[in-house]
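Enquirer: Each chain, letter by letter, is given below.
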Amino acid sequence: MAKLELRGVVKRFGDVTVCNGVDLDIEAGQMVCLIGASGGGKSTLLRCINLLEPIEDGEIRLDGEDISVPGLDPQGVRARIGMVFQNYNLFPHMTALENVMLAPRRVHRTPRDQLRPAVETLFRRFGLAERMHNYPDQLSGGQQQRVAIVRALAMRPEVMLFDEITSALDPQLVGEVLDVLLQLKQEGMTMVLATHEMGFAREAADKVCFLKAGRIVEQGPPEQLFGTPEHPETQAFLARALK
Amino acid sequence: MARHKTTSAAGMTRRERYDAQQRRRSLIVAASSTAIVLLAIVLLVPMAPGWEKVQKSFFNGAVLAKSFPKLLDAFLINVMIFAWSAPAIAVLGLLIALARDATAPALFPLRIFGAAFTDIFRGVPVILTVYLIGFGIPGLGLPRPWNSPYIWGSLALILTYSAYVAEIFRSGIDSVHHSQRAAALSLGLSDRQVMRDVVLPQAIRNVVPSQMNMLIALQKDVSLLSFIGPVEIFRQAGVFKSLLANFTPYVGAAIIFLAVTIPATRYADHLLARQRKERR
Numbered sequence: 001m002a003k004l005e006l007r008g009v010v011k012r013f014g015d016v017t018v019c020n021g022v023d024l025d026i027e028a029g030q031m032v033c034l035i036g037a038s039g040g041g042k043s044t045l046l047r048c049i050n051l052l053e054p055i056e057d058g059e060i061r062l063d064g065e066d067i068s069v070p071g072l073d074p075q076g077v078r079a080r081i082g083m084v085f086q087n088y089n090l091f092p093h094m095t096a097l098e099n100v101m102l103a104p105r106r107v108h109r110t111p112r113d114q115l116r117p118a119v120e121t122l123f124r125r126f127g128l129a130e131r132m133h134n135y136p137d138q139l140s141g142g143q144q145q146r147v148a149i150v151r152a153l154a155m156r157p158e159v160m161l162f163d164e165i166t167s168a169l170d171p172q173l174v175g176e177v178l179d180v181l182l183q184l185k186q187e188g189m190t191m192v193l194a195t196h197e198m199g200f201a202r203e204a205a206d207k208v209c210f211l212k213a214g215r216i217v218e219q220g221p222p223e224q225l226f227g228t229p230e231h232p233e234t235q236a237f238l239a240r241a242l243k
Numbered sequence: 001m002a003r004h005k006t007t008s009a010a011g012m013t014r015r016e017r018y019d020a021q022q023r024r025r026s027l028i029v030a031a032s033s034t035a036i037v038l039l040a041i042v043l044l045v046p047m048a049p050g051w052e053k054v055q056k057s058f059f060n061g062a063v064l065a066k067s068f069p070k071l072l073d074a075f076l077i078n079v080m081i082f083a084w085s086a087p088a089i090a091v092l093g094l095l096i097a098l099a100r101d102a103t104a105p106a107l108f109p110l111r112i113f114g115a116a117f118t119d120i121f122r123g124v125p126v127i128l129t130v131y132l133i134g135f136g137i138p139g140l141g142l143p144r145p146w147n148s149p150y151i152w153g154s155l156a157l158i159l160t161y162s163a164y165v166a167e168i169f170r171s172g173i174d175s176v177h178h179s180q181r182a183a184a185l186s187l188g189l190s191d192r193q194v195m196r197d198v199v200l201p202q203a204i205r206n207v208v209p210s211q212m213n214m215l216i217a218l219q220k221d222v223s224l225l226s227f228i229g230p231v232e233i234f235r236q237a238g239v240f241k242s243l244l245a246n247f248t249p250y251v252g253a254a255i256i257f258l259a260v261t262i263p264a265t266r267y268a269d270h271l272l273a274r275q276r277k278e279r280r
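These protein sequence lines map, in sequence, to chains A and B. Note that this note's numbering has the first sequence beginning at 1, numbered continuously upward. Note that this note's numbering has the second sequence beginning at 1, numbered continuously upward.
Hints may contain errors.
To be verified - Here are the computed distance ranges between Cβ atoms for each label pair:
1) A/183 - B/12: 50 to 60 Å
2) B/111 - A/7: 47 to 57 Å
3) B/16 - A/240: 43 to 53 Å
4) A/240 - B/178: 29 to 39 Å
5) A/56 - B/113: 28 to 38 Å
6) B/127 - A/109: 49 to 59 Å
What the hints assert, rightly or not - A partial selection of chain A residues facing chain B, derived with a Cβ cut-off under 8 Å:
7) 52
8) 79
9) 85
10) 87
11) 91
12) 93
13) 107
14) 139
What the hints assert, rightly or not - So, partial list: chain B residues that the calculated Cβ filter (under 7 Å) puts toward chain A:
15) 187
16) 188
17) 193
18) 197
19) 201
20) 209
Simulated from the structure, these hints should not be mistaken for laboratory data. Where a beta carbon is used, it is the ideal one built from N, C-alpha and C, also for glycine.
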């Protein structure tokens, strides 16, 4: 049984079908990269997994348990699945430390002083020890994005979703954020990334999926998908993306 | 080829020199046009046929000196009514705003109530609400001190202003970007926690300048309570007018109001300007 299983996931916004029957297995500890042009359904798929968007049809299973049942309280699921967004979405009225401690305090009802040591360790691990007491607008894009990752990790999630987390960053800041992902991979985190970083996907992913028009056109290990893509649409996309 | 040197002996680049010259020029133009307008007012207004009379009955130094201390005392009553109404308005306004945005089906009556509340109290002139509540409720034959116009007059102000303040809070809640909500939800927070910890603090901060303007308006509207009894500054000025057969006390009252409202307005504008700059 895979950690996360998607079966025929369909998501529509009005008349527009954004996910059109997606099947995908994500094993525990795997890093899966979703690639494809913008509008292909990558971000929406991640939002569906985190139950930020209800799906119209299909099933999403976490540890074999269907989490896409209509009417299910999404809070418990979201606490187990962390998500990081393209635009960081840190809370601007809180320091980095407060941003990170908010959810564990509220959802797990852990008092501040009990949280503090573990949270400080997280900050140190990702090179942010000096930045704990800064407000988001005092941080660089790369630092903000790393704080956002720490914020999601502080909930001790079983799966992490990354929605184009380097797309809003200056090129010289991309590396520091991707390094964090490699670190998490080493620690055995299960991760799903929507990304435009082809080089990173090729090097680090365990599985790469090419999405177009709400469908997974082709999926496989990176050597296969980047080296010998079978589907003509994949070939066309990669020819353009890797130019 | 040698580099062109555009820095003068004074250490200014030619751009800085040009800008300084432009600033000097516009300052001179602004100053002289203002002087001309002021001069015209000072010279022309006294030439009006009724000026002497107006001066005597509106700008009478002796009357002003005589009435001013009492006016200041009466203004304390305005300040008092303002001081207890403002916090009540903030709390009630916020509650109404939250009630109007409540989504749970069980809270539907609350939503209806919130909508009706804002519609009614924004739709009726303040003075009418003051009359209806200020005369109506004590008319029920309540014992002292519950028939005091201070209580019911203040309540009228609180109800009216809460309706406006609630709408401003709602616009503030709308102004918080939906991605903030998504980020908070993705962490496992409940709708209620998202509102309390993430949306409201930002929403309130966003509407502080607009709410400052409501406070300034409230400070002035406290005077409407004079119509149902309390001898606040406007009523006190009226007493002096009858006593001394002179309108100068009203000018005195206006001066006292301006002494409070002008700094407050400037401050609100300053906050707004700062907010605009931060958003850019």
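Enquirer: With reference to the structure, classify each hint as holding or not holding.
Expert: Consistency of the hints with the structure:
Separated by about 52 Å at the C-beta atoms, residue 183 of chain A and residue 12 of chain B satisfy the suggested range of 50 to 60 Å. For the pair residue 111 of chain B and residue 7 of chain A, the supplied restraint of 47 to 57 Å is violated, since their beta-carbon distance comes to about 39 Å. Here the CB-CB span from residue 16 of chain B to residue 240 of chain A is close to 49 Å, well matched to the stated 43 to 53 Å. Checked against the hint of 29 to 39 Å, the C-beta distance between residue 240 of chain A and residue 178 of chain B comes to roughly 32 Å, which is consistent with it.
The supplied range of 28 to 38 Å is met by residue 56 of chain A and residue 113 of chain B, whose beta-carbon atoms lie about 35 Å from each other. Separation of residue 127 of chain B from residue 109 of chain A is about 51 Å and conforms to the stated range, judged on CB atoms against 49 to 59 Å. Checking residue 52 of chain A against chain B: minimum C-beta separation of about 6 Å stays under 8 Å; hint holds. Here the hint on residue 79 of chain A is kept, as its CB sits about 3 Å from the closest CB of chain B, short of 8 Å.
With a least beta-carbon distance of about 6 Å to chain B, the hint placing residue 85 of chain A at the interface is held under the 8 Å criterion. For residue 87 of chain A, the suggested interface contact is upheld, since its CB lies about 6 Å from the closest CB of chain B, less than 8 Å. For residue 91 of chain A, the suggested interface contact is upheld, since its CB lies about 6 Å from the closest CB of chain B, less than 8 Å. Hint status for residue 93 of chain A: holds, given a least beta-carbon distance of 5 Å to chain B, under 8 Å.
Against a cut-off of 8 Å between C-beta atoms, the interface hint on residue 107 of chain A holds, since the closest Cβ of chain B lies about 4 Å away. Of the supplied interface hints, the one on residue 139 of chain A is violated, with its beta-carbon coming no nearer than about 16 Å to a beta-carbon of chain B, more than 8 Å. At a threshold of 7 Å, the smallest CB-CB gap from residue 187 of chain B to chain A is about 4 Å, leaving the interface hint in force. For residue 188 of chain B, the shortest C-beta to C-beta distance to chain A is roughly 3 Å, which falls under 7 Å, so the interface hint holds.
The interface hint given for residue 193 of chain B is met, as the beta carbon of that residue sits about 5 Å from the closest beta carbon of chain A, less than 7 Å. The beta carbon of residue 197 of chain B comes within 6 Å of a beta carbon in chain A, closer than 7 Å, and the hint placing it at the interface holds. The beta carbon of residue 201 of chain B comes within 5 Å of a beta carbon in chain A, closer than 7 Å, and the hint placing it at the interface holds. Below 7 Å, beta-carbon pairs count as interface contacts, and residue 209 of chain B has none with chain A, the closest being about 16 Å; its hint is therefore violated.
Hint compliance for this structure: hints 2, 14 and 20 are not met, and every other hint is.
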